[in-house]
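Colleague: Sequence:
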Amino acid sequence: MKVLFIGDIVGNTGRKALKETLPLLKDKYQPHIIIVNGENAAAGRGITSAIANEFFNWGVHGITMGNHTWDNKGIFDFIDDEPRMVRPANFPPGTPGQGYTVVKGNGKQLAIVNLQGRTFLPAIDCPFRTGEEIVDELRRNHKCILVDFHAEATSEKIAMGWFMDGRASIVVGTHTHVQSNDDVILPGGTAYLTDAGMVGSREGILGMEKDAVLYKFTTQLPSRFVVDEGKWMLHGLFTELDEDTGKAKKLEKIRMREDEWVMN
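Each residue of the sequence shown is one higher than the last, beginning at 300 in the numbering used here.
I should point out that these hints are in silico values taken from the structure, not numbers from a laboratory. Keep in mind the model is a prediction, meaning the values are calculated, not measured. Where hints are given, some of them may not hold.
[To be verified] With a straight-line cut-off of 25 Å between C-alpha atoms, the simulated DSS-like cross-links for lysine-lysine are:
# : residue 1 : residue 2
1 : K546      : K403
2 : K530      : K442
3 : K407      : K325
[To be verified] Estimated spans, in silico, between C-beta atoms of each pair:
#  : residue 1 : residue 2 : range
4  : E436      : D510      : 40 to 50 Å
5  : I504      : V483      : 25 to 35 Å
6  : E539      : F355      : 42 to 52 Å
7  : G465      : T518      : 43 to 53 Å
8  : D510      : D481      : 30 to 40 Å
9  : N356      : P421      : 24 to 34 Å
10 : R523      : D543      : 45 to 55 Å
In this text, a Cβ means the ideal position worked out from N, Cα and C, and glycines have one as well.
Could you put the whole structure together from the sequences, leaning on the hints where they help?
Modeller: And the structure:
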């Protein structure tokens with residue numbers, strides 16, 4: 300099974316980049332399943348039903364979220380009815396939506412799990428215990444499992460990679476918007492990357508207009524962050540899995556820049 304995972308999509312710039320590059324990515328990698336992180340897709344905060352449907356119409360099979368899940372209040376109107384979207388599974392019990400699901404595409408099935416870290420983020424349920432319970436349950440019927448660990452601290456993400464080695468097929472980090480350079484297939488067969496990176500403006504700061512961010516850092520005064528409209532970059536991850544074992548056979552980082560079309 301070939302899986303394409305695209306990092307945090309930031310606002311209109313990120314959506315534009317995804318729309319422009321998906322045909323090329325499909326042609327090059329021939330993925331069976333495409334997953335994107337959409338928690339910043341609507342003006343940098345949250346997601347709307349219209350944007351989610353746009354992604355699905357472009358060929359995306361599943362959407363993961365994170366700490367900005369609830370920033371766009373319209374999500375409460377559709378998240379319970381959208382089986383292809385997951386929010387962090389370790390949110391409190393009774394939270395709308397679901398923390399894991401199974402998506403289908405091109406005759407294949409991939410279980411996806413969303414977890415959120417606790418270091419430098421709000422205190423919520425333990426992602427390790429929650430993730431272990433969910434993944435162990437999924438493994439009864441599914442060999443191929445992707446975990447999107449939306450977390451701040453690199454140490455917490457690396458710990459999750461080792462914790463899930465041999466259990467999940469892919470553990471990929473999101474949230475920091477900067478692609479890491481530690482892609483590896485761990486001894487137990489889990490494809491791991493600390494952070495997939497983002498899809499958004501490369502001329503801003505983490506996809507936002509740099510002047511507002513610089514103002515906040517230099518003055519410590521409130522500043523309204525707005526999505527930057529500069530030239531985009533796209534980061535992601537391609538993995539090929541053994542369907543019989545669920546283990547990763549191939550792992551490749553994806554880095555693209557507008558007007559350059561460089562694919563490493």
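Colleague: Could you check the structure against the hints above and give me the numbers of any it violates, in ascending order?
Modeller: Per hint list: 2, 6 violated.
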